[in-house]
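Could you put the whole structure together from the sequences, leaning on the hints where they help?
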Amino acid sequence: MGLKEIRRFSKEKLKENWKVLVVIQTIIFFIGVGLSAWLVGTTMLFPGSILQIMVELIMYGLMAVFITGSAAACLKVLKGEEAKVEQVFYLFRNKTKQVLWLIFRKFIITLLIAFLINFFGGIIPYAIGLDDPYMPAISSFLASVIVELRYFPALYLLLEGEEEISRKAIWRGNDMMHKNYIRLLGLCLSFLPWMLLALIPCGLGLLIVTPWYQISLAVFYTDLKRQEKSKIEKGH
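Counting from 71, one number per residue, gives the positions in the sequence shown under this note's numbering.
Calculated from the structure, these hints are not laboratory results.
Small disclaimer: the values here were computed from a predicted structure and weren't measured.
Incorrect hints may have been included.
To be verified - Pairwise CB distance ranges (calculated):
id, residue 1, residue 2, range
1, GLY273, LEU109, 17 to 23 Å
2, PHE116, GLY191, 25 to 31 Å
3, LEU109, THR292, 23 to 29 Å
To be verified - Lysine to any residue pairs mimicking SDA-like chemistry, simulated, CA-CA at most 25 Å apart:
id, residue 1, residue 2
4, LYS176, MET114
5, LYS154, LEU274
6, LYS301, MET247
7, LYS176, HIS248
8, LYS176, LEU274
Where is the CB? At the ideal position from N, CA and C, for every residue including glycine.
Here is the structure:
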């Protein structure tokens, strides 16, 4: 499927369950605001402390869990099933240790890659005596992009029950993503203008654009499975 076709098909699927998906995004938004306020308060009271680091880790973990629940709901919508608000708590309601292990692994790899980018990217500015205050943010962003592209299909393989072990899901996902990294990156970038437009009405538009984007990712995943099946059939 082409990127335009994926976006168009996803938009049609969104129309079927947009109310529930918007409620899910609203819940995630308020949870994020609450966690951010907690982090800001902790940073002001205990700057640079272990407590601040712990709050940051808890915030990352909880947001990853709730976003995964949203992805599970969007996957159900794609399959023609009814999405429910409680699916935002998917990982709390289901025995999904392998999904949690995948989230933890992605977090560790992201930290490692961010450290390497920050270290090597800061060598030249440090050598010439310049201080680059944006380098940590840039390295974190680039690391997140690299990890999300690398591990993209693994989450859906686990959520759908195609694989039961995260390690095998990662290996299979890597094979599925062969020659598809640029396509996935292109799909993500194609939503950037929509997300910028969604910020205009006080950011409320993101409550619609975000589930549209997540359904598109689920559609991309199903397209990867179609490619995988085609390769297997040709191999035989």
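Consistency of the hints with the structure:
1. GLY273 with LEU109: 17 to 23 Å: holds (19 Å)
2. PHE116 with GLY191: 25 to 31 Å: Holds: the Cβ-Cβ distance is about 29 Å, inside 25 to 31 Å.
3. LEU109 with THR292: 23 to 29 Å: Violated: the Cβ-Cβ distance is about 36 Å, outside 23 to 29 Å.
4. LYS176 with MET114: Answer violated: LYS176 to MET114 is near 28 Å, above 25 Å.
5. LYS154 with LEU274: Cα-Cα ~21 Å, so holds.
6. LYS301 with MET247: holds (13 Å)
7. LYS176 with HIS248: holds (19 Å)
8. LYS176 with LEU274: Not satisfied, since the Cα-Cα distance of roughly 29 Å exceeds 25 Å.
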